[in-house]
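Engineer: The residues making up each chain are set out below.
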Amino acid sequence: MSRLSYRQYQRRTLLAITLYTAFMLVVWPSVHTIGSLPLKILLALAPLLPMFYVLAQLARLIRDSDELEQRTHLIGLGVATGVTAALSLLGGFLSIAQVLPLDGSVLIWVFPLMMACYGVTRWYVARTYGHDTACAEEGGFAPAGRLLLLALITGVAAVYGWRHDWDSFRIGLLCGMAGASALLGLLLGFVRWRSREQSGE
Amino acid sequence: MNNRVRELRTEHAWSQADLAERLDVSRQTVNAIETGKYDPSLPLAFKIARLFGLSIESIFEPEPQAATPMVSRHPME
Numbered sequence: 001m002s003r004l005s006y007r008q009y010q011r012r013t014l015l016a017i018t019l020y021t022a023f024m025l026v027v028w029p030s031v032h033t034i035g036s037l038p039l040k041i042l043l044a045l046a047p048l049l050p051m052f053y054v055l056a057q058l059a060r061l062i063r064d065s066d067e068l069e070q071r072t073h074l075i076g077l078g079v080a081t082g083v084t085a086a087l088s089l090l091g092g093f094l095s096i097a098q099v100l101p102l103d104g105s106v107l108i109w110v111f112p113l114m115m116a117c118y119g120v121t122r123w124y125v126a127r128t129y130g131h132d133t134a135c136a137e138e139g140g141f142a143p144a145g146r147l148l149l150l151a152l153i154t155g156v157a158a159v160y161g162w163r164h165d166w167d168s169f170r171i172g173l174l175c176g177m178a179g180a181s182a183l184l185g186l187l188l189g190f191v192r193w194r195s196r197e198q199s200g201e
Numbered sequence: 001m002n003n004r005v006r007e008l009r010t011e012h013a014w015s016q017a018d019l020a021e022r023l024d025v026s027r028q029t030v031n032a033i034e035t036g037k038y039d040p041s042l043p044l045a046f047k048i049a050r051l052f053g054l055s056i057e058s059i060f061e062p063e064p065q066a067a068t069p070m071v072s073r074h075p076m077e
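Order-wise, the sequence lines are chains A and B.
Under our numbering, residues 1 to 201 are what the first sequence spells out, in order.
Under our numbering, residues 1 to 77 are what the second sequence spells out, in order.
Some clues are possibly wrong.
[As the list claims (entries may be wrong)] Okay, the calculated bits of chain B under chain A, using three or more residues with CB under 8 Å as the criterion:
| no. | stretch |
| --- | --- |
| 1 | 13 to 26 |
| 2 | 32 to 44 |
[As the list claims (entries may be wrong)] Below, a sample of chain A positions facing chain B; criterion: calculated Cβ distance under 8 Å:
| no. | residue |
| --- | --- |
| 3 | F52 |
| 4 | D64 |
| 5 | D66 |
| 6 | E67 |
| 7 | L68 |
| 8 | Q70 |
| 9 | G130 |
No lab work stands behind these hints, which were simulated from the structure alone.
Only a predicted model underlies this, so the values are computations on that prediction, with no experimental measurement involved.
The beta-carbon is built from N, C-alpha and C at its ideal position, and this holds for glycine as well.
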């Protein structure tokens, strides 16, 4: 089996995440209205497929990484596991104490939270080793550009949902994602621009 | 740890990407080693030494430290 490059990994996971998001926004809400139990189970568990695909790609990327990259992956995954476990415990205690009303649906945020923590930690650790993520992906799309593209896509989806009477939870979620992605993208772009100015590129 | 990897690479007229390909690591890892931000594992250090046809100690050397007296593990000795 050939070695998986970071660009291939990004391309594949981006496609899987796009499919997952589209499925969750357009098809998955009908899980409440379907009467047939087997179909309901099938629909409810369908989002697991892209998730397992992303995990498999991540495992392959880590397996094919060199020793420094494996170290950054390990630190990223360690921090992500710790933060997710601590927040889950915190939420559980507050829920049992009836301070925070949480139901089972909050569990769907565990995986995205873990992946977000992993990504941010890995980016930070890689930077301490002098790894500039913006130029690391030679010929690739810079992180700031990707985040701005994500902001645009989620923003367009939010407008589409608003015009087609989607529920306020989905529209709010999309607006939040669009705003956060745009802010983070602009911030990363600014940091990159400043470091270029300072290095006189 | 100080090292002569950049110097040796330049002597061979290799880019960081060339060296990374020869060592089967990423260009970022070569950069981190050259700038002293990452000390390679023993197998990778051997690989680098073998590639340049030198011994490990002629490429890598520990940071110069202030002279410290030899301390016995047992203070009463």
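Engineer: Would you mind marking each hint as holding or not holding in the structure?
Structural biologist: To see whether the hints hold, each was checked on the structure:
1. Here the stretch 13 to 26 of chain B counts 3 residues with a CB under 8 Å from a CB of chain A, which clears the bar of 3, and the coverage holds.
2. With a threshold of 8 Å between beta carbons, the proposed coverage of the stretch 32 to 44 of chain B by chain A holds, since 7 of its residues qualify and at least three are required.
3. Hint on F52/A is violated. Least Cβ distance to chain B is approximately 27 Å, over the 8 Å limit.
4. Interface restraint check for D64/A: the shortest CB-CB distance to chain B comes to about 10 Å, outside 8 Å, so the restraint is violated.
5. Hint status for D66/A relative to chain B: holds, with the closest Cβ pair at about 4 Å, below 8 Å.
6. With its C-beta approaching chain B no nearer than about 5 Å, E67/A sits inside the 8 Å limit, and its interface hint holds.
7. Below 8 Å, beta-carbon pairs count as interface contacts, and L68/A has one with chain B at about 4 Å; its hint therefore holds.
8. With 8 Å as the threshold, the beta carbon of Q70/A stays out of range of chain B, its nearest partner Cβ sitting at about 10 Å, so the hint is violated.
9. With a least beta-carbon distance of about 5 Å to chain B, the hint placing G130/A at the interface is held under the 8 Å criterion.
Hints 3, 4 and 8 from the earlier list are contradicted by this structure; the remaining hints agree with it.
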